[in-house]
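Assemble the whole structure, with the sequences as input and the hints as a guide.
One letter stands for each residue in the lines below.
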Amino acid sequence: MKEFAVFWGCTIQARFPFIEKSTRIVLEAFGLPYRDIDGFTCCPEKSLVNNIDHAAFVLTAARNVALVDELGVDLVSPCTGCVSNLATVKCELNANPKEKSEVNSLLKEVGREFTGKSKLHHLVPFFHDAVGILAIKQRMKRDFSGMKIALHYGCHMIRPSHALRNDDPLNPQKFDNLIRAMGAESLQFLTKLMCCGQGLDRIDEHDKALHFARIKLRELKSIGADALVLCCPSCFLQFDNNQFLMEKEGEKFGIPVIYFTELLGLSMGYTAEELGMTAHRVEVEPFIKKWESMADRPPREEAIEAGLNGPNLIG
Amino acid sequence: MLEATLNLKLLEMCSKCGACFSICPSCMHIPGYDPRAVINDILDGNYEKWLTSRHIWQCLECHHCLEICYQHYGFENAMAALRTIAAKRGIHPTQLKRGWEMFVKTSRLGEPALPARKKLGLPEPKASGADEFKKLLSLLKEKREKKKK
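Those sequence lines, one after another, are chains H and R. Under my numbering, the first residue of the first sequence carries the number 11, and numbering increases by one thereafter. Under my numbering, the first residue of the second sequence carries the number 687, and numbering increases by one thereafter.
In case anyone wonders, no lab produced these hints; they're calculated from the structure. It cannot be assumed that every hint is accurate.
[Said to hold, decoys possible] Some but not every residue of chain H turned toward chain R, in silico, with C-beta under 8 Å:
1) Cys52
2) Leu200
3) Met204
All residues carry an ideal CB built from backbone N, CA and C; glycine is no exception.
So, in C-alpha cells, the structure goes:
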C-alpha cells in the first residue's frame with residue numbers, strides 16, 4: 011500500500027481530539043503506512059472561505075495538496091469536509107490549466123508546486139477499497155450482530171461526485187458494506203441521506219440547525235436505532251452536541267452517536283475508554299450495554315468451526 | 687456581474703426543470719426557501735433583492751441538487767454566486783465573518799486542544815503552515831492590486 015499523510019483538519023484537532031485518538035488506534039492496529047506531516051493549514055472550509063474569496067479558497071487548498079504532491083504520498087482524512095474541499099479544488103485546477111498555472115505561479119514564490127498527482131481519500135471509502143472488508147473481518151474480535159445501526163454518510167464524503175469519484179452520490183453503498191461486514195444491520199430509513207444541517211449553525215440560525223437534527227433523530231428513535239454511526243466531525247457536532255442541547259431542554263432522543271473509527275475499534279477489542287468515547291456529550295452507554303448483553307452468544311470462530319466441522323447438510 | 691460567474695444558458699434550462707426542488711433539504715424543511723424563484727429573478731435581471739435575503743445562506747452546499755441535475759449544474763451555483771456578491775458588499779451572517787477573520791489570522795479555524803491531547807496521550811501536533819500561508823495571501827493581494835492598475 012502507498013504511504014499516506016493524514017489530514018486531520020481544524021475541527022477534529024480543536025474540538026474532538028478523541029476522534030484523532032480512535033483514528034490513530036485503528037490505523038496502528040491495521041499497520042497502515044501513515045504519517046503526520048508539517049505545514050497543513052485549514053483545508054479551507056468552504057462556506058466560510060469560498061463565499062468570501064474564491065481565489066483564496068483555491069490557493070489554500072492547492073497549497074495543502076502541493077505538500078503531499080511533493081512528498082509523493084497520498085492523503086487520507088477522517089474529516090468529510092476537508093476531503094471534499096481539497097478534492098473539489100484539485101478537480102477544478104486539473105480541469106483548468108490556465109487557473110492551475112496562475113495558482114502555481116503564486117505557489118512558486120514560496121517554493122511549492124501543485125501537480126494534482128496525489129490521491130485524496132476519505133477514510134471510509136479508503137477502508138472499503140484499500141484496506142478491504144476481508145482484512146477488517148480478520149482483525150475483528152467481536153461483531154455487532156443483533157445491533158441496529160443507522161448510518162449517516164455525510165454529504166461531502168461522496169459529493170460532489172465529479173471531484174470525489176468514490177461511490178454513487180445518490181445511492182452510496184460502501185459505508186453500508188463496512189457496517190454489514192461488522193455484523194450489524196444497516197437500517198434503511200427515509201432521512202438516511204438528508205444533510206445534517208450543521209451549516210445552519212454557522213450562519214447564526216441555531217433554531218433551524220436544531221430543527222434539522224430533530225427530524226433525523228426523531229425518525230431514528232421511531233425505528234429503534236441503537237446508534238447513529240458517521241465519519242464527519244461537522245455531522246458529529248450536529249448530532250452529538252445539538253442532541254445534548256435538546257436533551258437539556260427536555261427533548262430526549264437517546265441516540266448514541268458513534269464515529270466509524272470508534273465502532274471499528276470496539277469490534278477489535280478496544281474499550282470505549284481507550285477509544286476516548288467517554289468524551290461524547292450524548293451517552294454511549296446504552297449502545298455498549300446492549301452490545302455487552304449479547305456477549306454470551308458463541309464467538310465467531312466457534313460458530314464458523316461448528317459450521318465447518320460439526321453436523322451440517324453434507325452429514 | 688452575475689454573468690461573469692454563472693452560465694445563464696444552463697440556468698435558463700433550470701428555470702424550466704426544478705428536479706432539484708424535490709431533493710433539496712432546505713426546500714423540504716425551510717418554509718419559503720425556493721430557488722426556482724431566485725433563478726427566475728436572476729434571469730429577469732432582478733437579483734438585487736436576494737442579496738439581503740436569509741435564503742441565499744440557507745443553501746447547505748450538500749450538492750444534492752448538483753447530483754440530481756441532468757446538466758450536473760444545480761442551483762447551488764446560483765446561490766453561491768449571490769452569496770459572493772453579498773459578501774463583497776458586506777452583507778453576511780456575523781459568524782461567517784468571524785470564521786473568515788480567524789482563518790486569515792491563523793490559517794486555521796481553531797488551534798489543537800493541547801490539554802485534551804495530553805490526556806489522551808496524543809503526539810504533539812505538527813507545525814502549521816501559517817507563515818507560508820500568510821505570505822501567499824499577501825502575494826494574492828499584491829497580484830490583485832497590480833491587475834487593478
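Hint check:
1. Cys52: holds, 5 Å
2. Leu200: At 11 Å from the nearest chain R Cβ, H/Leu200 fails the 8 Å test, so the hint is violated.
3. Met204: holds, 5 Å
Hint 2 from the list above is the single one not met by this structure.
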